[in-house]
Amino acid sequence: MADEIKKLSSQLAQDPDSLVFLRLAELLRHKGQLDSAHRVAVTGLERHPHLADAHDLFARILADKHDYERAFDEWDMALRIAPTHIGALKGLAFLYFKVGDVEQAAAHLEAAQRAAPDDQGVAQALALARGGQVPQDTPGTAPAAAPSPSPAPVEEPLPAAAQPLEEARVFAGLEGAEEGLLLLDASGRVLGGALKNAQGQDVTDAVAAYLAGVSQEAARTTKLLGLGKWTGVAAEGRSGHVHLTAPTGDALLLVVRDRAVPMGRLAIIAQRAAGAARRWLEAHG
Amino acid sequence: MTATAGYGQALDLITRVGGVRGAMLVSAEDGIVVAEQLMEGIKGSAVAALAASLATRLRRAMEAAGVGASLFWHLQAEGGALLVVPTPNGILVVAVAEPDVNVGLVRLELLRAAEVVG
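As you go down the protein sequences, you meet chains A and B in turn. Positions 4 to 288 (our numbering) are the ones given, in order, by the first sequence. Positions 597 to 714 (our numbering) are the ones given, in order, by the second sequence.
Bear in mind the hints are in silico, worked out from the structure with no lab data behind them. Please read all numbers here as calculations on a predicted model, not as lab measurements. For glycine and all other residues, C-beta sits at the position ideal for the given N, C-alpha and C. Don't take each hint at face value.
Stated by the list, open to error - Some, not all, of what chain A presents toward chain B, calculated at C-beta under 8 Å:
(1) Ala-85
(2) Ala-201
(3) Gly-203
(4) Gln-219
(5) Glu-220
(6) Ala-221
(7) Leu-230
(8) Val-236
(9) Val-245
The following block holds chain A by itself, in its conformation from the complex:
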């Protein structure tokens, strides 16, 4: 392996634009030289920022270094570039397992299986997921390689909205409940949550007014295009991202975060908030 690393390093030095960095960083990673693998991957990504395999590789290195947040971002980026990227789907499934979200983990593995029906690794991981067990290794790590510790899935605290409702506001317990989450009815009436801008000013009512009717318009647009039910609107702004979804019927949920939060993670935040909103709406229906 050392000779191979030397040979690839030499090739990369001669042609820095070469994709050989993928193989080199992977070998370094397997050898446990994570800092070197990290450097090679970052340099490669700087030259090939739209290469999904490079983001996937970097994510695996970060996951090996237990930097799961950034690993999530990199796999999220890989999927944005290539929505059926098997490595990224497996990687995100792995991270979802780690936080105990078996449903999301299985959903990602099912997507991977649809894209690669013959991949035995995916089939095995899916079987484990359905059995409620946690995969042992970082994706891409051979089972015989140094196993990463497999912490038990972290049980996320039940959002307060799922607790006795007389005591709970719709997004109580969720991150950003009072400055970055908003639940509206079809007419734009605020049902829960609040929004603040970067200066800390409350902008809830202004935003709600502009969003009145968006759910119906989104539904009309997708119907006209024959695309079925709309599931979300993701938008990038100059200094922040927003995600809209309809937790039930004509209700509208808005999540706002700054640009540091990747769109993929925003969708996950929205999904969790939508769950809380649905429970709240059912109880207050």
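Based on the hints, put chain B in the right spot on chain A.
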């Protein structure tokens, strides 16, 4: 290059991406189709009007929320997606896509097309 030829070039950038069913340039102000390359069966004028209306609501809501005007937005649905990049001169560059489209790639081509349109 004439404006029409430039529009055609911009739309070509988008429609050559696999999974894209069509592309349009839409006036953001009044929802009128400026140019289009759509598959048969897509009602361009109606989609353009709704896309422009949604774009206006989103832009205003995002500005009110303090995140600035939208650079790219993506209406996701069970059977596909509508992807939109607004340009500074009031044109919306719109793509209609299949559900398994490479969103990252379409986004890049929409942004390139927006530069061509101006």
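Consistency of the hints with the structure:
no.: 1; hint: Ala-85; in the structure: 6 Å, holds
no.: 2; hint: Ala-201; in the structure: 5 Å, holds
no.: 3; hint: Gly-203; in the structure: 10 Å, violated
no.: 4; hint: Gln-219; in the structure: 10 Å, violated
no.: 5; hint: Glu-220; in the structure: 5 Å, holds
no.: 6; hint: Ala-221; in the structure: 6 Å, holds
no.: 7; hint: Leu-230; in the structure: 4 Å, holds
no.: 8; hint: Val-236; in the structure: 5 Å, holds
no.: 9; hint: Val-245; in the structure: 6 Å, holds
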